[in-house]
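Per the numbering used here, the sequence shown starts with residue -7, numbered consecutively.
Among the hints, erroneous ones may be present.
Computed cross-link-like contacts, DMTMM-like style, restricted to lysine to aspartate or glutamate with a CA-CA straight-line distance of at most 25 Å [claimed, not checked]: (1) Lys264 / Glu239; (2) Lys146 / Asp93; (3) Lys199 / Asp222; (4) Lys323 / Asp352; (5) Lys199 / Asp152; (6) Lys323 / Glu368; (7) Lys262 / Asp334; (8) Lys315 / Asp141; (9) Lys213 / Asp195; (10) Lys310 / Asp195; (11) Lys171 / Asp282; (12) Lys315 / Asp126; (13) Lys264 / Glu206; (14) Lys127 / Glu143; (15) Lys53 / Glu95; (16) Lys146 / Glu102.
These are calculated hints, taken from the structure and not from any lab test. As the structure is a computational prediction, the values presented were derived from the model and not from experiment.
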Amino acid sequence: MKMKRFISIAVCICMLAVLVSGCGSAKNSNSKNESTTASGAASSANAASSGEEKTDAPKFKVGFSYFSFTDQLGAELKKQLEYVAKGFGCEIVFKEWTSLDVESMTATNEALIEEGCDGIISVMATPAMIEACDKAGVHLVQIASTLTDPEAVKAAQASDYYVGSVTANDYDVGYSMAKALYDAGTRNIAYISIPPGMSSAHDDRIKGIEKFAEEHSSDFKIITNFRTADSSKYVEGFRQIMAANPEIDGMIQTGNSGTVIATIYSDGLKDKVKFATVDVKEDTRKYLEDGTMVFVAGGQGYLASFTFVLLYSQMAGKPLLPKEDRTETLKLKYIHMKSGEDYDNYMKYIEGDIPAYSIDELKALSPVFNPDATVENLKKVMDTYSLEDVVQRHG
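Model the full structure from these sequences, guided by the hints.
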């Protein structure tokens, strides 16, 4: 049993390593244990309308622990949490892990408990973390990950304070990447990814790719793949694939390193090989405009908004998920981009100063402010998250 627990936690660490490295390299930070509150932090999102605050609504202190708030995803999550916490009249505290291991994550969450947080947003939820929150009466919600350890699942099922988990719909985005290549006319594709078992996100993306290929097996084939945990070998892998399989006309990278698409250009293949991926990088607009990149997905920062709604509602005594359903994972669709215009709208409405969801819209999803709010309503909004929806509501 101990060996199974060790393996399960080791897999979690690998998943977290991929999570924090696959969304942009972390910049140097003066402190790995930074603490900030929404009232004192600058956020461009806060400049937008935050709606009318319900004066008698409960106010809480919420903590968020993460690897780094200067990496791409960490900065996006922090920005959204500052915006939502202010709109809901709450205090938000940010703490960075000192290292990428369970002990550091646990210690950071324990520090947030000691600081008097009523709720904690955490990437990971181990049995020890769940037990510590139960003992302290602190609500715990997961973001950008799911429960994988069987012992953690048991602890969550028994807990009165575990809230649930919110992550991105990776199966859907994998399917959508393959479909975009098919719609662009490609028929023989390959994909580049990390080894199986390192990240449920990447594994689910590949399942989606394979499902689309299975449904279109008569005229769409996955010729081969290249899988490594060493991102420095992606270019080498791409070149090996193309040398051995010159018929390939479509390439998927399950997490955009920026190097494979650049190599398509440098090797003179931009008119032969179409490319689809997840994560916006430098020159994305140019690649979309050229038609070489036919699909890119992003917008995961808004996981924070829906995670906060889920947590806030339970802290206020009006949970969206009943206790027996709290090990269920709520999934947010990615934002899909297929053109330069899509990219411009993405930068304006998703990463710009205009929030994709106003505070009033988010409050309407919580039974604290809206007695008709249900988890089914929340799921529907998360499943219809798209550029078209955001532009229609706020354009």
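Hint check:
no. : hint            : in the structure
1   : Lys264 / Glu239 : holds, 10 Å
2   : Lys146 / Asp93  : holds, 22 Å
3   : Lys199 / Asp222 : holds, 21 Å
4   : Lys323 / Asp352 : holds, 21 Å
5   : Lys199 / Asp152 : violated, 34 Å
6   : Lys323 / Glu368 : holds, 12 Å
7   : Lys262 / Asp334 : holds, 20 Å
8   : Lys315 / Asp141 : holds, 19 Å
9   : Lys213 / Asp195 : holds, 18 Å
10  : Lys310 / Asp195 : violated, 34 Å
11  : Lys171 / Asp282 : holds, 19 Å
12  : Lys315 / Asp126 : holds, 14 Å
13  : Lys264 / Glu206 : holds, 24 Å
14  : Lys127 / Glu143 : holds, 17 Å
15  : Lys53 / Glu95   : holds, 23 Å
16  : Lys146 / Glu102 : holds, 21 Å
The structure fails to meet hints 5 and 10 from the earlier list, while all remaining hints are met.
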